[in-house]
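Enquirer: Starting from the given sequences, assemble the full structure and let the hints guide the process.
Sequence order for the protein chains is A and B.
Counting in the UniProt record's numbering, the first sequence runs from 1 upward without gaps.
Counting in the UniProt record's numbering, the second sequence runs from 1 upward without gaps.
Among the hints, a few may not be true.
Because identical chains cannot be distinguished in the list, a pair is counted as satisfied if it fits within a single copy or across any two copies.
Calculated cross-link-like contacts (lysine-lysine; reagent style DSS-like; alpha-carbon spacing at most 30 angstroms) [stated by the list, open to error]:
{"#": "1", "residue 1": "Lys143", "residue 2": "Lys192"}
{"#": "2", "residue 1": "Lys63", "residue 2": "Lys250"}
{"#": "3", "residue 1": "Lys218", "residue 2": "Lys260"}
{"#": "4", "residue 1": "Lys21", "residue 2": "Lys193"}
{"#": "5", "residue 1": "Lys192", "residue 2": "Lys206"}
{"#": "6", "residue 1": "Lys260", "residue 2": "Lys189"}
{"#": "7", "residue 1": "Lys21", "residue 2": "Lys192"}
Simulated from the structure, these hints should not be mistaken for lab results.
Number of protein chains: 2
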Amino acid sequence: MSSLLTVGSVAFDAIETPFGKTDKIVGGAATYISISASYFAKDQKIVSVVGDDFPKETLLDLKSRGVDIDGLQVKDGEKTFFWSGKYHNDMNSRDTLVTELNVLENFDPVIPASYQGVDYLMLGNLAPTVQRQVIERLEERPKLIALDTMNFWMDIMMEEVHNTIKLVDVLIINDEEARQLSGEYSLRKAAKKILKMGPTYLIIKKGEHGALLFSGEKVFFAPALPLEEVFDPTGAGDTFAGGFMGYLAKTDDISFENMKRAIIAGSAMASFCVELFGTERIESLNQTEIYDRMLEFVDLVEFTIDK
Amino acid sequence: MSSLLTVGSVAFDAIETPFGKTDKIVGGAATYISISASYFAKDQKIVSVVGDDFPKETLLDLKSRGVDIDGLQVKDGEKTFFWSGKYHNDMNSRDTLVTELNVLENFDPVIPASYQGVDYLMLGNLAPTVQRQVIERLEERPKLIALDTMNFWMDIMMEEVHNTIKLVDVLIINDEEARQLSGEYSLRKAAKKILKMGPTYLIIKKGEHGALLFSGEKVFFAPALPLEEVFDPTGAGDTFAGGFMGYLAKTDDISFENMKRAIIAGSAMASFCVELFGTERIESLNQTEIYDRMLEFVDLVEFTIDK
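Expert: Here's what the structure looks like:
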């Protein structure tokens, strides 16, 4: 069983969807990633920062899931990162209502000495400069580094995005981000260009349309389950990344074949995530539910052609 | 080998895409469907109408592909249906520039006596009243009736659409049409409602995102090949339908399992269609190319989960 280090935000979110709205609830990329990965990886670590307004129980809950929180800084007298957003009726687009960086504004990702030698590294969405700092501060290169980023950073510091993704093995972005990063509308062409920027693997998330994995000339298309209802899409992408990296850390196999399975694991986790607000649904899953959901993906695309 | 009757437009199109534009070229739903199906079904019939401006060579070409054109009316002194459209840069949306119904305006779908007893019926996009007339004029119900329709008819005669789809086995529409027909955004919910309207099978085409097949509680997700370039999407949906029905007629097996394969056949044909303007690419395929393309779909989604 290999170890997985996740770096990313631990935050408060307030979410409004056509189905209702929440007060401030716990969110953040690293939260979703760690919870999702905890169903696969048993040796996890986290580097993040919160203010003293953040609930202790949530930190203890992460700990009880096997996540080492020595790298989670709690800043006295400061406030936790807060994001608020409202989803449109189609649930595919959203408006950001509030972004309060708070503790994230001057986040210095300190790596505890005990974290050195970690096997897998997941860099959740953060400034590309901070993501690079983490890589530089690890004395030994992890076996696999995956990175998520967003349009936001491409808009304001594209060069830094390039400098950072050059250093990673797996880039995980959505279709719009792939188009912006490559300047190509066709995802196949976009993938070709992006794979020349450094990463060996590119995962393009297409939301309700599934995900694509590219590496060299190889391509894999993972479906998304056609769901009756998407209740709240917040965190689905991070939950996907968590399932993906958790599965890789558990199996310790980074072949293309196993990455396909890891993508199915991530997709299964994301399909749970959207069923309720925030992290609620992914907090209380069991192994049978997850395994059964993964088998649904097998059934969904299974067909035979006489060879 | 079973017989396949296709009813639909045979037309002229003028197409503009970001890659260039065409003069008047041969198009029409029945043209794409028949050409596409001809790689699978060897006993085809067509019911349609053109003016005397329509090139005789195209009719002879259809004949040479094994399509009985006795039901293709040529109206002296009248003009062929003409459509002109311009695709936007994303190739997913288009503006109709010109629609001249011409001979289609008073189309009376006469069924030659020799067509009676046909095994499979494909109703390409036409007024739902005309589609129903065809079903009523067949003395014996075909083994399987598939129907394509469009938003246009839902906008102006939704009741007629309902009255007609009630009579068919397979409804083939795109995601927007499924949403309009059902009033549901979620495709899973839309499918549930539509399957209660009459059809036993529902195929929802999602363009570059693949297609979904629903029947009862069963669902199948067919991927689309991630293509480097979509040169011209015109006719891709009809080419899909042609490959689908051609495959069913060839194999004469309407089980859910075989419908999956038929969808892959249709998807493979559609992936060729978009590579060049109009019918150009699908006119000159060979069996090996088609088979290899179908195997690409197998590779694209193949993965294993330990059961």
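Enquirer: Next, verify each hint and record whether it holds.
Expert: Status of the hints after comparison with the structure:
1. Lys143 x Lys192: Within one copy, since 23 angstroms is at most 30 angstroms while 46 angstroms is not.
2. Lys63 x Lys250: within (18 angstroms within a copy, 60 angstroms between copies)
3. Lys218 x Lys260: For lysine 218 and lysine 260, both the intra-copy (11 angstroms) and inter-copy (24 angstroms) Cα distances are at most 30 angstroms.
4. Lys21 x Lys193: Answer is between: at 28 angstroms across copies they meet the 30 angstroms cutoff, but 40 angstroms inside does not.
5. Lys192 x Lys206: both (17 angstroms within a copy, 24 angstroms between copies)
6. Lys260 x Lys189: The answer is both: 21 angstroms in one copy and 28 angstroms across copies each meet 30 angstroms.
7. Lys21 x Lys192: between (40 angstroms within a copy, 28 angstroms between copies)
Consistency note: the structure conflicts with none of the earlier hints.
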